[in-house]
Structures are given as structure tokens and as C-alpha cells.
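K.L.:
If you want the building blocks of each chain, they are given just below.
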Amino acid sequence: MESVNAKYVSQKVSRTRWRPVSVSSFQQPEIFATGSWDNEDNKVSLWSIGNYGGLGMEDGFEGDPQLLCDIKHDGDVLDLQFLDQERIVTASSTGGVTILRHHPNSQTLSVSHQWERAHRYPCDNAPCTSVVCSSPEIVSVGEDGRIVVFRADQEGVCRVIENADSSTIHAVTYLRTTEVLTVNSIGQLKLWDLRQQGGSPSKILSLSGDRVPLHCVDRHPNQQHVVATGGQDGTLCIWDVREESSPVALMEAHSAEMWEVHFHPTNPDHLFTCSEDGSLLHWETSSHSDMPSLLHEGSRNSGVTSRSAMAPAGGNKSLISAWLSGDSSKSCLKTSHMLPSQTLSVNSLDVLGQCLVCGTDGEAIFVNRQVLV
Amino acid sequence: MSDLDISTGKHMGFAWGPGDILVYETLYKAKGTCMDPLIRKDEDIYSPILRKLFNESHHIFVGLQTVGEDVPSKNKKPQFVSISKNYRSVIRACMEELQQLVSILLAIELIWNLCEVLFIDAAPAGSLLLHLLDWVRLHKADVDEKTREVLQSESPAEHHNYWDVVVSYVLQGRVEEARQMLVKQANLHPAARGMFKLMDKLLSKMPFYNPRSTQTLTEFDVIWRHWHEEVDRCLQDNSFSSNQHLEFICKILLGDEDSLLECKDLLGTWYHFLVTRLLFCHPTVKPTDLHYYAQSCMTMFLDSRSVSEPLDSILLASFEFDIHQVIKDCSIVLNNWWFVAHLTDLLDHCKLLQSHNLHFGSNLREFLLLEYASGLFTHHSLWQLAVDYFDHCPEFGRVYLELQIERVPLETERKALKVLRVCEERQMSEQVRSICKIMATRALRNNRLGSALSWSIRAKDAAFATLISERFLQDYSTRGTFSDLDLIDNLGPSMLLSNRLTFLGKYREFHRLYGQKHFSKAAKLLLSLMTAKIAPQSFWMTLLTDALPLLEQKEVISPHALSSCSKSVPILAHATASTLRLSRRVQGETGQAAYAPPPSVELEYL
Numbered sequence: 000m001e002s003v004n005a006k007y008v009s010q011k012v013s014r015t016r017w018r019p020v021s022v023s024s025f026q027q028p029e030i031f032a033t034g035s036w037d038n039e040d041n042k043v044s045l046w047s048i049g050n051y052g053g054l055g056m057e058d059g060f061e062g063d064p065q066l067l068c069d070i071k072h073d074g075d076v077l078d079l080q081f082l083d084q085e086r087i088v089t090a091s092s093t094g095g096v097t098i099l100r101h102h103p104n105s106q107t108l109s110v111s112h113q114w115e116r117a118h119r120y121p122c123d124n125a126p127c128t129s130v131v132c133s134s135p136e137i138v139s140v141g142e143d144g145r146i147v148v149f150r151a152d153q154e155g156v157c158r159v160i161e162n163a164d165s166s167t168i169h170a171v172t173y174l175r176t177t178e179v180l181t182v183n184s185i186g187q188l189k190l191w192d193l194r195q196q197g198g199s200p201s202k203i204l205s206l207s208g209d210r211v212p213l214h215c216v217d218r219h220p221n222q223q224h225v226v227a228t229g230g231q232d233g234t235l236c237i238w239d240v241r242e243e244s245s246p247v248a249l250m251e252a253h254s255a256e257m258w259e260v261h262f263h264p265t266n267p268d269h270l271f272t273c274s275e276d277g278s279l280l281h282w283e284t285s286s287h288s289d290m291p292s293l294l295h296e297g298s299r300n301s302g303v304t305s306r307s308a309m310a311p312a313g314g315n316k317s318l319i320s321a322w323l324s325g326d327s328s329k330s331c332l333k334t335s336h337m338l339p340s341q342t343l344s345v346n347s348l349d350v351l352g353q354c355l356v357c358g359t360d361g362e363a364i365f366v367n368r369q370v371l372v
Numbered sequence: 000m001s002d003l004d005i006s007t008g009k010h011m012g013f014a015w016g017p018g019d020i021l022v023y024e025t026l027y028k029a030k031g032t033c034m035d036p037l038i039r040k041d042e043d044i045y046s047p048i049l050r051k052l053f054n055e056s057h058h059i060f061v062g063l064q065t066v067g068e069d070v071p072s073k074n075k076k077p078q079f080v081s082i083s084k085n086y087r088s089v090i091r092a093c094m095e096e097l098q099q100l101v102s103i104l105l106a107i108e109l110i111w112n113l114c115e116v117l118f119i120d121a122a123p124a125g126s127l128l129l130h131l132l133d134w135v136r137l138h139k140a141d142v143d144e145k146t147r148e149v150l151q152s153e154s155p156a157e158h159h160n161y162w163d164v165v166v167s168y169v170l171q172g173r174v175e176e177a178r179q180m181l182v183k184q185a186n187l188h189p190a191a192r193g194m195f196k197l198m199d200k201l202l203s204k205m206p207f208y209n210p211r212s213t214q215t216l217t218e219f220d221v222i223w224r225h226w227h228e229e230v231d232r233c234l235q236d237n238s239f240s241s242n243q244h245l246e247f248i249c250k251i252l253l254g255d256e257d258s259l260l261e262c263k264d265l266l267g268t269w270y271h272f273l274v275t276r277l278l279f280c281h282p283t284v285k286p287t288d289l290h291y292y293a294q295s296c297m298t299m300f301l302d303s304r305s306v307s308e309p310l311d312s313i314l315l316a317s318f319e320f321d322i323h324q325v326i327k328d329c330s331i332v333l334n335n336w337w338f339v340a341h342l343t344d345l346l347d348h349c350k351l352l353q354s355h356n357l358h359f360g361s362n363l364r365e366f367l368l369l370e371y372a373s374g375l376f377t378h379h380s381l382w383q384l385a386v387d388y389f390d391h392c393p394e395f396g397r398v399y400l401e402l403q404i405e406r407v408p409l410e411t412e413r414k415a416l417k418v419l420r421v422c423e424e425r426q427m428s429e430q431v432r433s434i435c436k437i438m439a440t441r442a443l444r445n446n447r448l449g450s451a452l453s454w455s456i457r458a459k460d461a462a463f464a465t466l467i468s469e470r471f472l473q474d475y476s477t478r479g480t481f482s483d484l485d486l487i488d489n490l491g492p493s494m495l496l497s498n499r500l501t502f503l504g505k506y507r508e509f510h511r512l513y514g515q516k517h518f519s520k521a522a523k524l525l526l527s528l529m530t531a532k533i534a535p536q537s538f539w540m541t542l543l544t545d546a547l548p549l550l551e552q553k554e555v556i557s558p559h560a561l562s563s564c565s566k567s568v569p570i571l572a573h574a575t576a577s578t579l580r581l582s583r584r585v586q587g588e589t590g591q592a593a594y595a596p597p598p599s600v601e602l603e604y605l
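As they're listed, the protein sequences go chains S and P.
For the first sequence, numbering that gives the first Met the number 0 assigns the number 0 to the initial residue and increments by one for each residue that follows.
For the second sequence, numbering that gives the first Met the number 0 assigns the number 0 to the initial residue and increments by one for each residue that follows.
For reference, chain P alone in the conformation it holds in the complex (with noise of 0.2 Å):
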């Protein structure tokens, strides 16, 4: 794979190796083609219906990591063939929609379902090939609507595609079809009944094994070669010879290599023929040796002009049962994580990638589902499907999500507050009080003290708590008054938080205690604010000045308690003793006689 560097013009390469993948730059291009420059690696994260399948898929891996922990793992396949129809399903809904990239698509679901017959359902000998038979007729569609346009004919038997659509039929091994069909044929040609019921024997007597039966494999491959036979003597007594087309489809029964190659339009891919091959010569194939058939039938089916497409190696490397191949060729060709990252995650829960003896066994799931990851991380709206994945890989899932989800931009409170959960959720402690600083700084900047109040309790940030108070105090100062009355009057149990933020509080509260004239409770308060030395250095003197109208009132403040308290602070206890002086220089002037100081607190501080 390459990618074009826009900058120096140059190309990039990498080559994955056990352990590592190499990225070098290159001034050579890739040969051959990637499967479809539809989808690049940037845009297609992009494409509105492409989102319908990463949403719908990301339901259900979160489903699947969580399926049946306390089930044995054998008793568990059945949950996982379910999980893998159910992605298939995502892909063919997506299908319904998206005309353009229909063919990647089909591809896709092509290779999901070619590895969950022979990975996930692990079908044995017998079944396999049931398996099989579904997987090809499902993914060649077009015999139906030739069949359509047959039957809607005037004359079905003498349409020009009628005998391509029995031969169809019988390629794909749909017998009951194939012997309506030739009804049509038998009843046009009464002379040659006698063959028409022949063939129509044969057909209907066409062993399929049938997994939910009795019978052992053994058994079926007897009555198999017997049924065999009796085609081959049809064939050997010239019984079809007057009628071309049925010795042709005898020949077809009787897996003739050279009828089979002469049927290649009507195959149209080396992988239908392997399946055809497989049904008329060997139906009891064990998976371990299909590797050799596909071989074979690829070779003989694509000659020497037609270039082996990367979707024919996938589907070879699947054959093999070469895990790992698979994977890394579907991550070469298709230039996104999706289809890689998700199947083998699943294969990892079926157990697979271990007993395949990877190099990096289960590091290969969590690469893929990193690398995918980050890749949704890039989108403006796709980080929260993102965040599930890193979840589930847990080597480094935390680390990458820790990275990523400080870069998410935190245009509304809306938003911050959703980063947020899935911050706190994972105690990720450092980015919860990032984002929180981000959006209390953002409002401080704004004038809105009570949101970035609100952001510091949230993160229980004592230094911002103490920063905002600050404000609030400076704006104090400057004006008199408090801004925001319904935020400090109202902080509750968050005042705690920091130490100005209480006192600020509280200070708050004996504005409003002084009010309300309650002199004695609001003296307390403003007592108890000093000596909890809570106060910063700049308010001493407001708290003083408060105090003065307070020393006027009679029984408010003893004076013996104002010179007790500031003993312990020394700069407040000059202070305080230049307060008592002024009081009573004031009580000079007015008159009024209200105390005398203790001459000892006098004497020490003057």
C-alpha cells in the first residue's frame, strides 16, 4: 500500500512484519491497484451513511465484550455466530443504502462470511459444504433475476437464457429449482418425456448431507458414490445423448472438470467453481483440505490473462486458514480500520487468533482496534464511540484515551460536561481537572464567577475556588458592594472548599447578619472570621473598619475578647490597638463613654 505524501511528493510504504510494522518513504509507487480509491483513509469517516455503520457496530461490540463471561466457551459459539450475522447485517444495511461503494461493501461481507463458516461456525466435513453452497448462492444474485425475466416471458422454455438459468441452478446445487424448471422443457417435448424423467430422477435423488440426522459422514459418502455411479451409467448409456443440454448437465452431475470450465461466464468467479467442484466431486471435503482445492480451481479457472485481484488472495488465505494473512491483507487493501479491527476482535473472542500461535496474538486485536479508534477520534462527533473502544483494549486503551480526550473541542458547557463523565467515570483525576480549569478560566474570563464556581467544585479545585473569591473580594473593595448575591449567599456545604471561599461566605454573612440587625450574632462572626486567621492580609483593615461601628454598640463587643483575639496575632493586635485608640478618640469627640481599654494592652504595643 502507499500512500502519496502531499508535501515532498513522495511516497510512503510499510511492510508489517512480526512485531512491527515498518514505514518507510519511497519514491515508487504500489503496484496494482487498492480495490477502490472510493474510500481513502480520511474521507470515508466522513460519509453520513458510513456513520450508520460504525454507530450500529459499535453497539455491538460493546455487546460483545461483555457475551456470556460464565458460559464455557464451547456453548458460546452459538452466541458468536449470532454477534458475526449480526454485523453482517449492519453491512448489508448500509448496502441497501449506498449505491456508490456497494462493491467494497460486497467484498467485505463476502470475506465476513467466507471467515464465519470456516472460522467462527468451524462447519466440519458434511456441513461444510452446506455452508459453503449458502455462501456462494447468496452472493451470486443474478440467477434469480435472469430467472424472473424468464418466467415473465411468453414461452419460458424457449426463452434464450432458459437453459443458463437451469444450468445455474444446477451449479449451485438448487436441485428443486432446477427440475421445476425443466418441467416447462419435458412439457414442450412430449416425444422426449422418457429422458425429461431420467434427468428428473436424478436430480430429486441428489444426496445432501443433512447435519441434524443420523446419519454419520461415512454413510452419506456411500449413498454419495452409489448415486455417483448411477449418473455416470446414464451418462456411459448415451440415456441424454439426443438432448445436448441435459448430457451437458449430466456431465455437470458428474463434476466433469472440462463442462465445468466451459460454464465460466455462468460461474463467474474461480470461487463459485471451487464450491461447484467441491459439490459434485468431493462433498465431504474436511476444511483442513480445501487449501489444496482452491489451489487448483483457481489456477484453472483464472488463465494466464486475467491479474489476480487482492480480493482472490484474501479469499485463498482464508481457504488456507491463514488468520493472519487475511487480516493483514484486508488491512493492505482496504484503506480502512473497520472491517479489520472489528472481525478480529471477534475472531480474538472465538479464540482464534491464539491458537494460530500470532506473534503478537492478542496485541493484534488491540492494535487494530486502536489504530480504528484513533481514527474516529479525529471526527468532531465520533470521539464518544471511540471512547468504548479504548475501553476494551487494555494494554493501552487508557493511555491513548488520556491523550486523545483532552484535544476534544469544548465549545459549550453541554459538551464539556459529557467529556467530563467519561473522564470521571474512569477516574482519569488529571484530565478532570484540566477540563475543568479550561472551563472555569473560560468564564472567569467572562465575567461569569457563579460557572466558573461552579466548574471549581466539580473539580474540587481548592486554588480556583481561592482565585474566584479573590475576584469576588477585589470587586468588593473596589465597589462597595457584592457582586452576584445569589452565588455567595447561597453556597452551602461547597463553601468549605478553600479557605477564602469560607471566608468569603461568611463574611458575606455578616454583612447580611449587620442587616438585619442582629449586632451580637454578627459581632461573633466577625470575631470568630479574625481569629480563624482565614482572612486574607488585604481585608484586615476592612475587617477592622467593620468592627468599628460593632465596638460602638454597648454590649457587643467586650473589649476583653477584641484584646484576647489579638494577642495571638501580633500585626493584628497593633492594628486592633489602633482601632481602640481611634474608638476612643471617637468617644472623645462625641461624647460618648462607652469603655476603657485595658491599660495593659496599651502599655505592650504602643
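Bound conformation, chain S alone (with noise of 0.2 Å):
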């Protein structure tokens, strides 16, 4: 990737994050939002890339993002996610989870809601460490251990969960509207069942060797059950919730952390990882291969060794997820860098469509907008 274009932002960029685009229309992603750290002023700001119809779009990088507004923010942005068309969730390290609400004709951002010590200790504050969204309800994890469950519309916090985790939970994502998975830094996925009551993971899984803290995870979009993580050592997983205890599948991807991964939201055969080791890969792999898959519906095969399986007589591909029957030494699954090398951490990453962003501890933004899926 020579022709890589890099926006500069004066800003070490920790979150990237595209507006949603209306699933109906066929538009691709204009406007994206970012979220900085390590300032002594931290700022959320939003970028347009105003797609302008397409013409003499060489190269993917073309274009440079240009701000549309920003606002101050309180602590570091340790994560962002959009809650709708307007509105952004913020994870601070003061501990606390903002709503910011753009308002697209004056141009600016503001402050909708905030909960202030939404994570913290008995004598000092804990960073927030990441949020996940499904509107009305936010769901926030912290460096204290703690869950809380918001809702958008009310003042006070719905629900916590004390003491939820004895290490820092570093990632949470939804599994069902019900049920959401946390990761933590002994190496553990935590699945909650927000029905019930108590205070207790209805499921832990782990890795079956060392406990790598585990510092990102994603749901396969169209399979509930499929989970990638990635870990303080740059391993990717992937787990299959129903299973017992270990991953599926393990793979070396990276030499240093990975922040974030990122299944395609339309294409799930593909996969998008970063790290602090500066590189940011595309996973692709292919679910009509000829090579046997080794979980399909019938039999519970699992384990990542076996080839005997053999492959359905067919129809039932569209249901195998291509990702639990890979490691990366079969030909099915490629990857590919997407930076040029030499950048400083690769903190976030975001993929809708065509388009993907990310950004960096070099205070630069990558836009890529034929991203080939």
C-alpha cells in the first residue's frame, strides 16, 4: 500500500467510529466519529469524508477528512459507539459514560446526558473502559469490575452488577438483546444473562493455557454463537459460546496488543484486527472452499486438529461459519496488511461497508474506501 494517505490530527486517536448508514439505502458510511487520549484536553470530534459521487476515486485513500465539529471531553475517550443517527456514547477515564447528541444544522456537538463515577472506587476514580450499545440501553464495564446496564431516557443508572469481575473488565459486546460477554485481563469471556438477578456470569470460558488477558471481542454478526477475541499477546480466538471452555480457533496475529477486531457487519468472512504493534490486518476467508469445515449442524466435532470431518453434501454452507473450522496455515484464510509499516499503535478500527477508518498513537487517521469485500 504505497498510495496511503495519512490525516494528521494533532491528537493520539484511541476510538474510530463510522456513523451508521440506513441498512435500506446502499450508501456508504460519510461521516465518521474519533475519540482522543493521553491530552491534557480530549477531544470528540466529527470528520466528514463527503463522498463526492465517486468520480475519479483512483485509489481508496483519496480525499482527506475534513472536521465537521468537536467538544471537549473529560478524561480520555477509552471508547466511543454511536447510539443512533445522532447520538454517541462516550467511556471516560474519570469513570464516567457520556451521550453526546450532534446537532446537524448549527454544525455542533453537545452534551445530552452524563453519569458522572458510573465506575469507580471507594477513593478514587476508574477508568471506563469500554461501552456497547442497543437503543435505548448502555451497557458499561470498567477497571473496577463492574457492569452497569443504562438506559438512554433515564436520569439514574439502571442496574449494576457489584463486583462482577475480580480483574479489569476490558471489552464487553452483546450476544443476544439479553445477554451480553465480557472480557477481562485473566483471560476469561463472561456471558451475563441481564434477566436474572443475580450477580454471577450464567458462563466463563477460557483459554486452556495461559490466561492472556483478553482485551477486545465481536460477535459474528450473523452467528450468535461465534465470537472472536484478541488478546495482550496478539492472538486472535475464536470461540464457539456453546462449547466448553477453549477457543476453536487460535491464531498468531499480532506481536504486541490487539485493541480491536471487527467482523464485516455485511461480509463476516471478513475480519479486521489492529494492535499496538502498528499493523492493522484484513482476515479473509472463504466459507466455499473445498476444504473440509469441522463444525457444521450435525456433529459437535470440536477441536481445530481434526481433518476427518467431511463436508455437508451442501445447502448447508450459508449456516457453517467459515471461521470455526480455520487456523492460518490452511489456504482458506488470508490476511493481508492494510498500513504501510512503521506507524505507532494502531488504537481503533471501524469497517461498514466499503469503508474503513482507523486510527493511531501517531496522531493519524487512515480512511480506506475500497476496502475489497
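Accuracy of the hints is not assured; some may be wrong.
Stated by the list, open to error - Straight-line C-alpha distance at most 20 Å; calculated SDA-like pairs for lysine to any residue:
#	chain 1	residue 1	chain 2	residue 2
1	P	84	S	4
2	P	414	S	40
3	P	414	S	4
4	P	183	P	241
5	P	263	P	187
6	P	505	P	547
7	S	333	S	261
8	S	71	P	47
9	P	459	S	209
10	P	505	S	207
11	P	505	S	209
12	S	6	P	97
13	S	6	P	91
14	S	42	P	47
15	S	42	P	410
16	P	505	P	524
17	P	532	P	472
18	P	183	P	144
19	P	414	S	202
20	P	200	P	187
21	S	6	P	47
Just so you know, these hints were derived from the structure itself, not from any lab.
Reassemble the complex: the two chains are provided individually, in unrelated frames, and hints are given to aid placement.
P.N.:
Have a look at this one:
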């Protein structure tokens, strides 16, 4: 990738997220939000890449993102999600969770609601590490090992699961509308059923070997039992949460912490990971390969090594997750680097349609508008 | 240079000599002014626009360190030139955004450009002049503005700036544009057509050296002299005497000193004057002769009224190929180390510092990089950039990094992880341990035992892991149950980090087995815990108390096994004996006869 252009933004970028586009329209995303960290004054900013009719775009990186508006943010922006078209939820290192509202007419951002100290220690602030939303519900997790549930329209906090974890919870994602999955710094995945009142997870999965801290998690868009996690040592794990403990597939991805992992929302044969080692990888698996897949509807032969399972006769291929059969040595899994080498840590990425945006500690944003998916 | 020391009101001066830098206190302020007070040492680090400069140049710097290591040095020049151009384009990019600091950045770019031409590209005679012409043209943009103004007017040839534009073009050697402008004038004066045609001919025939052609410098010189003589003939013939402007231009083409000095306003600077004079008098000037002309031109141009600015002495030092002086002057005049650090590093890569036989050769590069990087480290965000600079300072970089990295505040776990990764990649084990200890202690203080354990595992800190395990065991002793079962039940291989931790994990496993009524397994585990001697002393009573109900189970513990293990640990043996007596008493009271202890035990230890 020689023709990659970086937009330098004078702030270390901790999170980048596309604003959602309506599923019915086939538009490519135009607007993304970024959060900064490690500044005395951190900011949440909105940018536009304004698709000018797509004329004359030779390589995917043309057209600088333009700043639309920004707003000061108290503390590092440790996570950022779009609640809906106009509202953004942020997780702060001060332990607060904030809803920001974008006013397109005046092109400004304002604070719509704030839950300060949602995460805290008895005598100190505890950073809120991750937030996930399914409007109007918001779930946040933090270094205090607490899970907090909010509703966007309610003042106070909906529910708190105290002492959900004795270590830091690094990331959270929805598994179903009533179930969330968290990952922590002792290498465990925990499933929580929000309908139940108890303070313990419904299931715990962990790696069989070293308990490497897990930093990020993402669920397969179509198959609710398939989940990908990224760890401190840069390994990518694919899990089937219906199964017992161990991950189904384990791949060496990066040489340092993996900060984010994302399945492509509409083309889940594609997966993207970014890491402290400065690389952003695009993983592509083909579900229509000739190689036998190991997990299919009928038998539950978990384990990566066995290759004797036969591919089903036909028809059921769409139900098979190609991710569950993979290890990187097989030819049906391709990886490619998407950035020039020698960048500082890539902290965040987001992909929607054919567009990918990522932010680095080198204070640069990269936008690729022609991701091959 | 002097800095005001706020506390004492005195000033600080420094002088830079070979191998040393002397800093002294003085009551006297420096003479003259620094280039522009807008950039001060601490503030410019915090300017958001300059941050882009720092980040983009960091990227270029890292790329430069690994450029073509396998390629022979003479083939590296194009790469170095290209890298030099990259640096300059970064400066220009910042200039576009930063109107206020433009004057500083313009000056920096001017100096860097000249250094590139003279030192990095090291143009030989012939090409040298062409590069210098480009240099001057790039930094004298007002000509084009004037031209636009003139051309947009109704009758350009009658505009009051018209002749200024034409002369400016000639002074910059832009003959084509001059010719095009003159056509407009010619059209206004059909009677003088012959004169204009002559001028046009002279201009079109002006020779410019073409480095790509097969023509040698000597051949070019001959052709040039020929042309020069032709122009002189036209002047002597009074061919242009009826038009003062054209005659003036003719004199310029001959490089007439007085005429050139009349154009002071149009030239603007002595170095423009220098290049123009070289263009019309010595186009084949050799690099080594430059400084003669530079000195004399500067003297001629600046009369006694104008003050020589720091920029002038820097440029003069460049023309004299005194790299050392250039760097020294720049360091003093510019309060920011950015420029000298990056330029010196590039020059060092071009092997230019060594050849000048400096007293501290490549140490100069390292000194400047260390200063720059140390400055970056004081910034709350830019410390990450500094790491790469320290990496490429072979002598002191590591020491500096080790000292500085420990001072980075660790407000969140994510930041601590990044700092830790920097240390681990460089095998700075002491710093790794210290950072992990800080984070683990903080976690422990906030009762986040899992986090604390996670940090001690990362540092492989057995002592801390032991500390955490003691906390757990204390909790258990006071409350009777374990906290954070999710952690203890899932320790995995990290259990082996410390004995106490292993004990904790195994002890919890014992409880689990007991709870699941796998009594024989539980008992075996308990026995092994006792024999393995990893239980803390405070826990032995607890262990034995746990053993009690198991002793009542028929098949579980053979007293022989229990006593045999107790033989190896005298105190344990004593306790074991007490336990056995207790159990016998219990049996006696409940009437359950299970077994009788072997008499030998009783006799030996009672």
C-alpha cells in the first residue's frame, strides 16, 4: 500500500467509529467520530469524508477527512459508540459515561446526558474501559470490575452488577438482546444474562493454556454463538460460546496487544484486527472452499486438529461459520496488511460497507474507501 | 542566547565549544534579538500545529534510519535527497496552516533548502547555479503576485509595475516569462520593433547549463562567454539607448554591479543578489568558490545602515560549507531543537559530519537528538515519539530512556500497557518490574485482586504473587469463604508463579472436590499439600481441621499415610498427633470406632 495518506490530527486517536447508515440505502458511510486520549484536553470530533459522487477516485485513500465539529471531553475517550444517528456514547478514563448529541443544523456537539463516576473505587476514579449500546440500553464496564446498565432516557443507573469481576473488564459486547459477553485481564469470557438478578455470570470460558489478558471482543453478525477475541500477546481467538472452555481456533496475529477486532457487519467472511505493533490486518476466509469444515450442524466435533470431518453435501454451507474451521496455515484464510509499516500503535478501527477508518498513536487517521469485501 | 531565570532574575548564557557546552549565569542580556520571540523552548511543544510537524517528521526519521543499508553510499544520494524533500514538504504543510509562525518556518525552509542543495545534493559546478536559481525562485513568491496584478489590468504594458515584473523575471533568470511580457510592450511600440526583437533574441539565446546533455562544463563556458560578448557588443553599439528600460536590462544581463545594486528593492535580499550576480557573471561557479562571492555580495548589498541578522550569518556559514557553524548558529537562534536535530541526523547519514572532522563527530548528532527527544518526553502526549529517537542514539539513548520512561504518569491500565510494551521490547526488565509493581499495588489498594495478580504475572513477580495469595488466604481465614472465586478457580498455569499461589489454587481445588463429594481425591490432595511444604505456617491448623472430617470417612486417609508424612515435619507431626487424639476422642464420644493409631506414634511424640 504505497499510496496511503495519513491525516494528521494533532491528537492521539483512541477510537474511531463510523456513523451508521440506514441498511436499506446502499450508501457508503460518510461521517465518522473520533475520540482522543493522553491529552490535557481530550476531544470527541466528527469528521466527514463527503463522497463527491465517486468521480475520479483512483485509490481508496483520496480526499482528506474534514472536521465538522468537536467538543471537549473530560478524561481519555476509552470507548465510543453511536447510539443512533445523532447520539454518541463515550466511556471516559474518569469513570464517566456520557451521551453526546450532534446537531447537524448548527454543526455542533453538545452533552446530552452524563453519568459521572459510573465506575469508581471507594476513594478514587476507575476508568470506564468499554461501552456497548442497543438503543435505548447502554452497558458499560470498567477497571473496577463492575457492569453498569443504563437507559438513555433515564436519569439514574438502571442496574449495577457489583464485583462482576475481580480483574479489569476490558471489553463488552451484546450476544443477544438480553445477554452480554465480557472479557477481562485474566483471560476469561463471561456471559451475563441481564434478565437474571444474580451477580454471577451464566457461563465462563477461558483459554486452556496461559491466561493471557483479553482486550477486545466482537460477535459474528449472523451467528450469535461465534465470537472473536484479541489478546495481550496479539493472538486472535475464535470461540463457540455453546461449547466448553477452550477457543475453537487460535491464530497468531500480531506481535503485541490487539486492541480491536471487528467482523465486517455485512460480509462476515472478513475480519479486521489492529494492534499496538502498528499493523492493521484484514482477514479473509472463504466459506465455499473445498477444504472440509470441522464444525457443522450435525456433529459437534470441536477441536482444530481433526481434519477427517467431511463437508456436508450441500445447502447448509451458509450456516457453517468458516471461522470455526480455520487456522492460519490453511489456504482458505488470507491475511493482508492494510497500512504502511512503521506506524505507532493502531488503537482503533471500524469498517462499514467498503469503508474502513482507523486511528493511531502517531496522531494520524487513515481512511480507506475501497476495502475489498 | 540567554534565558531569563525567573527565580533569580539573572540571565543564563551559554557558549558551545568542542566537546563541551558551557552554561553560565550572567547579569547581562544577549546582544541582538533571537529570530522571533514567538517560539520559546517550552511553549512550541504544545502548539497543535507543530504537533503535526513532530509526528510527521518522526515517521520520516524512523524511515531514514533503515534506508538502504545494503546499498553503497554513492547510490543512496537520491534517497537522501528525497527524504530531505519529505522533511521540507512537512514544513510547508505546517506553514499552510500556521500563519503566525510562517516567518520562522520560512526561514527554516530556506536554510534547509540551501543545505540540501549544497550538502546533501552536493551539486557540482554548472548544476550548482541551477539549483541556486530554483532556491531563490522558491523563496521569492511576490513576483508572481505582482505579475497577476499587472496581467489583470486593462493595459498590462502600461501598468506602473510592468517594468518591475520584467526586471524581476530577468533577475531570476526566468527568460521565457520575461520574453512573453516584453511582447506586450513591443506591440505598443511598433516603431521600436527592431529593438525589441534584438532583446528577444539575446534573451532566447541565453545559455543555461544542461546537466543531462553531453556538453562539458568547458564547452558550456565557451558558449556562454560568446553570448556574453554579444550582449556587450549590443550595449556598446547603443542598440538600446533609445529605451532606458531595455538598456537597463541589457546591463543586468552583463552582470553590471551598479545596475544590480539599483535593483535592491526588487532583489530584496543579499542572497538573491548573490545568485543573480553568479548567473550573469560566473554561471560555472564551483562550490568551493561560493563563499568568496557570498561574502563580497553580502558586504555590497548590506550597507552600514542595515543590521546583519542571524539568518544572514547562517546562510553565509552554509556558503562557506561550515556545517558545524550552521548547526551551532541554528541551535542558538532557534529555541527549538527540532530543526537542528533532524537536519544534523540527515547530514550524519550522508556522512557529512565525519568528513568535516568535528571534534565530536557523530556525537553531535546524538547530543542534538537526545536534547530534542528529552524535550518531547516532557510532553504529556508526545513521549511515545521520543522513544524512537532514543532508540537510535547508540551511546546514551538507552540510559535516557530508562530514566525518562519511569516518569510517565500511568493514569489508566491501557496507558500502563503501552509503556510496558515499550520496556519489554527493549528488555528493560527493571522498569517492567517497577511499572507492574506500581499497577499491582494500586490494584491491591482498590481491592482488585484479579488485576493485581494479572500485573504480577506479567512481571513474573513471584514475590507479589505471594503477597496477593496471602491476602486471599487472610480473607478466607477471617470470613471462612473465598472471595473472587472466578479468579482462583481459573488460575491455570500461572498458578506456578509462586508457591503460595500454587497452594491457594490447590487448596481451593480441595474445597471444590470436597464440595462435589470426591472425598478420596480431596484427601489425596490435602495430603500432598501438607507434604509439599508449600502451605504457610499459619495455615497448618486450618489444614488439619479440614482433615478432621475426612478422617471420619472410612476409607479415605490411612493413618499410616498420615503419620508417615508427619514424620518428615516435626511440628506437623505434633499437630497430627493432637489431631489424632482429638479424633479418637470424638470417636470415643460418638461411639464410632474407625481405627486405632499405631502406638509408636503416640509413644514417640507425646
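K.L.:
Each of the hints needs a verdict: does it hold here or not?
P.N.:
Hints versus structure:
1. 84(P) with 4(S): holds (17 Å)
2. 414(P) with 40(S): Cα-Cα ~16 Å, so holds.
3. 414(P) with 4(S): Judged against 20 Å, a Cα distance of about 27 Å means the pair is violated.
4. 183(P) with 241(P): holds (18 Å)
5. 263(P) with 187(P): violated (28 Å)
6. 505(P) with 547(P): holds (18 Å)
7. 333(S) with 261(S): With a Cα-Cα distance of about 16 Å, the restraint between residue 333(S) and residue 261(S) holds, given a limit of 20 Å.
8. 71(S) with 47(P): It holds: about 15 Å lies between the C-alpha atoms, which stays within 20 Å.
9. 459(P) with 209(S): Given pair residue 459(P), residue 209(S) holds - Cα atoms ~13 Å apart, limit 20 Å.
10. 505(P) with 207(S): Holds, at roughly 17 Å.
11. 505(P) with 209(S): Holds, because 17 Å separates the two Cα atoms, which is no more than 20 Å.
12. 6(S) with 97(P): holds (16 Å)
13. 6(S) with 91(P): Judged against 20 Å, a Cα distance of about 15 Å means the pair holds.
14. 42(S) with 47(P): OK: residue 42(S) and residue 47(P) at ~13 Å, within 20 Å.
15. 42(S) with 410(P): holds (17 Å)
16. 505(P) with 524(P): With a Cα-Cα distance of about 8 Å, the restraint between residue 505(P) and residue 524(P) holds, given a limit of 20 Å.
17. 532(P) with 472(P): Status holds; Cα separation ~16 Å.
18. 183(P) with 144(P): holds (18 Å)
19. 414(P) with 202(S): Violated: residue 414(P) and residue 202(S) sit about 30 Å apart, past 20 Å.
20. 200(P) with 187(P): Within the cut-off at roughly 19 Å; holds.
21. 6(S) with 47(P): OK: residue 6(S) and residue 47(P) at ~14 Å, within 20 Å.
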